[in-house]
Amino acid sequence: MTVDSESVHRLSTEAPSRHRGRRGDLVSMLLLLVFLAAFPFVAPGSLVGVGVYAMIYAIAALGLSLLMGLAGQVSLGQAGFFAIGAYTQAVLVTEYAVNALLASVVAVAVTMTAALLVGLPLLRLRGHYLALATLGFGIIVAVLATESDFLGATSGIFGIEKPDVNGRVYDSATEYFLLLTPVVLVALLLARNIVESRIGRALSAVNDSEVAAESLGVDTFRLRVQVFVLSAAYASVAGTAFAHWIAVVNPNAANFPLSVKFLLMAVLGGVGSVYGAVVGAFAVEGLDDGLRRLIPELVPGAVGEVQLIGFGIALTLIMIFLPGGLHQAFQLLVGRIRRGPSDGAAPDPGAPARQVDGGPLLVREGRPEPGTPLLVVEGLTKRFGGVVAVDSLDLTVHAGEIVALIGPNGAGKTTAFNMISGAVIPTSGTVTMSGKRVEGRKPHVIAMAGATRTFQNLQIFTSSTVLGNVKVGRHLRSRAGLLRGALVLPARAEERALERSARDLVELLGLGPDADRLAVDLPFGRQRLVEIARALALEPDLLLLDEPMAGLSGAERSELALLLRRLRAGGMAIVLVEHDVEAVLALADRIAVLDDGVRIALGTPAEVRRDPAVISAYLGVETDDGSELASVEGPSAS
Amino acid sequence: MTDLLQLLFAGLSQGAIYALIAIGFVAIFAVSGVINLAQGEFAALAGLVAISARASGLPLPVAVVVAVATVAVVAVVMERLTIAPVKAMTTLVSLILTLGVSTALKALMLLVYGPNAEGLEAITPGIVTVAGVSIRYQDLWILLVAAVVSAAVYWFYDRTVTGKALRACAEQPVAARLVGISLGRASLISFLIAGIVGALAGVLSSPVYFTSWESGLALGLKGFVAATLGGLVSIRGAVLGGFVLGVLETLTAGYVSTGLRDAVAFLLLIVVLVVRPGGIFGRHAEARV
Amino acid sequence: MSLQVQGLHAGYGRLEVLHGVDLEVGTGELVAVIGANGAGKTTLLRALSGLLKVRDGTVLVNGTDVTGKGPEKLAASGLAHVPENRLVFPTLTVADNLLLGAYTRRRRPSAERDADRERALALFPRLADRLGQAAGTLSGGEQQMLAVARGLMARPTVLMLDEPSVGLAPRLVGEIFTALGVLRDDGLTLVLIEQNARAALAIADRGYVMDRGRVVFTGVPSELLGDARVQATYLGGDFSPAGGAGDGEPRPAGGSVAMEGG
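These protein sequence lines are chains A, B and C, in that order. For what it's worth, our numbering labels the leading residue of the first sequence as 17, then goes sequentially. For what it's worth, our numbering labels the leading residue of the second sequence as 1116, then goes sequentially. For what it's worth, our numbering labels the leading residue of the third sequence as 1274, then goes sequentially.
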């Protein structure tokens, strides 16, 4: 298959720098605010009616936009949640005469519970599978509504009255629009805050590189479920507003075409931009109305629903030519106007790192005493089909030591490393980290136990700055959840502290001048440093490095070696997989040599380099004499 | 007992239609990872084209050929206009693109053929009763054609160089390109196949189930469920999945409630996706196509 | 000259991996390209066979400019690339894998392709016994042989191999490298990318050493093996202190890196 599992879940839009995006967002927000305030007063009467639908759908589209932009998941069943909200509201106000506001609170709670129940199994799925499972969910809701006599079967529930607040009845389009405006604005604000919050940052990181985010302690499944439930809550708010506006709820509320409409709104506005969903809703409803009037003029005798043709073409064209939606178009426009010298004035990438002294780094209270066993690997085995990639590996790593894993290509060292870091599930054997069994657990569990990793082929969070990358590393050292993030204020102090500690770390590793640049714009060697900074932000007891020297220049290698020694001096344990034997011999306290999945040697560099088994296995050729590894590896001039 | 046989037979006939549509999903998904949400519209369009061709006086076989050819062209044009230009195909992009085409096709059918559901005339009208089970001749045609087409598609992937090349694209796209197979061409061929089988499903089902501009939605979704039951990358799995789904639906309709049959189909979809993402028949990482 | 590469730049996304690579391979020559992990060897091959877009520079095959062509076109113009990790078509049989190897020549008379197949099977006799077996069920070594044989089925003028020795037992590596020697002796032009530098240089006519996206050294195998700079950048440097045995203390990284940087 051409789509690898990693890229499948990614959204196609390349997120612009948050830095620049925020200014654009502010402008857009203001424009939107002015638009919403003026709309009911300046638009002609019939258009205000269209506007009311746009406002209702905008709330659902916002939720979907959050789901797609943050969690990177497409739902084709949002109408199902919309309908659950609408039906609950309708039942409560008509059958039980509950106050509309109270009813809507209950309706949202009911929907969120339903979303949690649906989401727990469904969110184990990804990409296409999740999209289609949600589609199935939407259809099931529609079928159940149709089959339920309690819910009025096909004809639905009638007679829902317009809300009445302190005697003011919101019964005209203009009135209802005014009632919805604050709802939409609050929904928008909450969504925007979440995007900017700790949770939003973690989810954005997941979209860029799921495995890296998990290694930094982000529990992706949990966050996905949270956002899924949140998006359902948005849909149900829209559903309750809808119920009161059209006064009747029938199974059409759960219809697939409505889910498609929400999707179109979110996509047209631009996934990942919250205000875009609102703009998208107005655009789609406007287009809908316009086409509904226009097409019969153009094609006499054309019947209803033909405006769909415009939708279809619009969807296709947007996806091909403007995958970022209106938001992208707007950003391009703003970018063109603003494009100043500031963009090009990047600091000199070659700025020397500020690593003069060689003292211990990141000494931390409560770290295990040097010499205590930190990581204990026993009998770790991985079989792929019939091939044994790693065969009962035993290894103990103590606090304050550097252990290297080496071996010829295909020896299984990367597999072993991946099993320890949680990226690969072992066939058998145990991994104990700080006394906690972690084999087969996801990387975030291992991160919580105090170990994190870097990646050989770099898993930088491409849509964030250097600082943003490092901040994700602080995920476990901060705690603002979805709710606190949405409400901003309670999380602000923590956010500031987080910013400070991230910046300190960036400075410490000499990345200061690049702190606010997009991490992907940095040269390879600096990106590697960003990954290490990000890992260090977690304050790990054990740092797992996958070929940290690969692709680095000589100067960068010696800097990195110095850094690792200083971290060791600070009490951290380091495990590294490395091809560069020279660097390993010079750096590691102990070396484990793997060949064909089996640990053939374990000892100090001096012991390992003289081991004849190592010499012959490592080179994959028979050696005629017992010459030591070094001299075979770098053949003497003789 | 007779009831059960009757239901089973109806289920097989229905399942044969799902199987054909499922083959279309598999053909495309295996090669390019695209789930073609317009697959059901291929069937609906074929039905409508055949009905109108028949109404304009063409003999039935000619009308069927016209319908299949029209849909084949539509599928190929769709691939060239919407799938081929996209460089980085992702889930979101592919779903929305094909959703867009599906929506546009639906509206186009509504515009051209109007809102009413109609049925194409049966190839052989009438009913025969065997052991108390009444069988439409058209149902027999459906089963026959579905069997022949499935076998032909299977033969194509198993025996011809082009078929093997398509499997190569599905299994190892990079290596396929290195031996000179064009992924773009493979994608085009896969749409052509999907168009043809989808169209056949449409003309075969029309006499029994009727066709309207909207009928593609249900057909497409059920075909997708069938393909998923079969693991989404196996022709054999898709055909089996179609029959399983068809029988299950008619049994539900017969013994539980007609209204719930769709709910059962999609509940099955969700359960299979969650519990056995590799399909109910296949081992994981089963042969593709 | 079968293959001429000048000033080749290529990379992934914003990351440039190759910063101007020059490479020349004479007709009938076996050229080894060696270098550490991350040196850009695989990227070079991907760019040469069109899998990766060439950003700058030119690629000539038999004197014809093929820069910027896709792999489908290049396969037909005589360039065969045996990819890293073999990438055989797992559910297709060995025979079908070979059949698709000749995909660009599928309209040629089948007798011609049969003769090619016989030649490829003569080179790897153990494949002949497994023609009807699904390629995914072969052992790693057999899959590698199949990948090479599949590459040969296109009747290339230049055969490029990416790390054919990865993950194989030394005996199988020997078997494959022997086959490569036979092909060279038959007049085929070969480009061999390898981490197993000693094995590659043992059969190569010439070698290129890559480091961080550039060719840093080129010469005949004996020159490469003897050159201090090559030892430093790729083979790991002569870090054993004078006298060697007995001194177990690793040298500080600063020292060895300085040598490398120099």
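Simulated from the structure, these hints should not be mistaken for laboratory data. Only a predicted model underlies this, so the values are computations on that prediction, with no experimental measurement involved. Some hints here could point you the wrong way.
Computed Cβ-Cβ distance ranges for the label pairs, DEER-style [as the list claims (entries may be wrong)]:
hint: 1; chain 1: A; residue 1: Ala263; chain 2: B; residue 2: Lys1202; range: 44 to 52 Å
hint: 2; chain 1: B; residue 1: Val1227; chain 2: A; residue 2: Pro539; range: 55 to 63 Å
hint: 3; chain 1: A; residue 1: Gly61; chain 2: B; residue 2: Arg1391; range: 19 to 27 Å
hint: 4; chain 1: C; residue 1: Pro1382; chain 2: B; residue 2: Ala1184; range: 27 to 35 Å
hint: 5; chain 1: B; residue 1: Leu1196; chain 2: A; residue 2: Glu313; range: 43 to 51 Å
hint: 6; chain 1: C; residue 1: Gly1409; chain 2: B; residue 2: Pro1230; range: 50 to 58 Å
Note that CB positions come from ideal geometry on N, CA and C, so glycine has one too.
Now for the hints, and whether the structure bears them out:
At about 48 Å, the beta-carbon gap between Ala263 of chain A and Lys1202 of chain B stays in the expected band of 44 to 52 Å. Under the hint 55 to 63 Å, the C-beta atoms of Val1227 of chain B and Pro539 of chain A, about 58 Å apart, fit the expected range. With their beta carbons about 55 Å apart, Gly61 of chain A and Arg1391 of chain B fall outside the hinted range of 19 to 27 Å. In this structure the hint that Pro1382 of chain C and Ala1184 of chain B lie 27 to 35 Å apart at CB holds, the actual value being about 33 Å.
Between Leu1196 of chain B and Glu313 of chain A the C-beta distance comes to about 27 Å, which lies outside the given range of 43 to 51 Å. Here the CB-CB span from Gly1409 of chain C to Pro1230 of chain B is close to 51 Å, well matched to the stated 50 to 58 Å.
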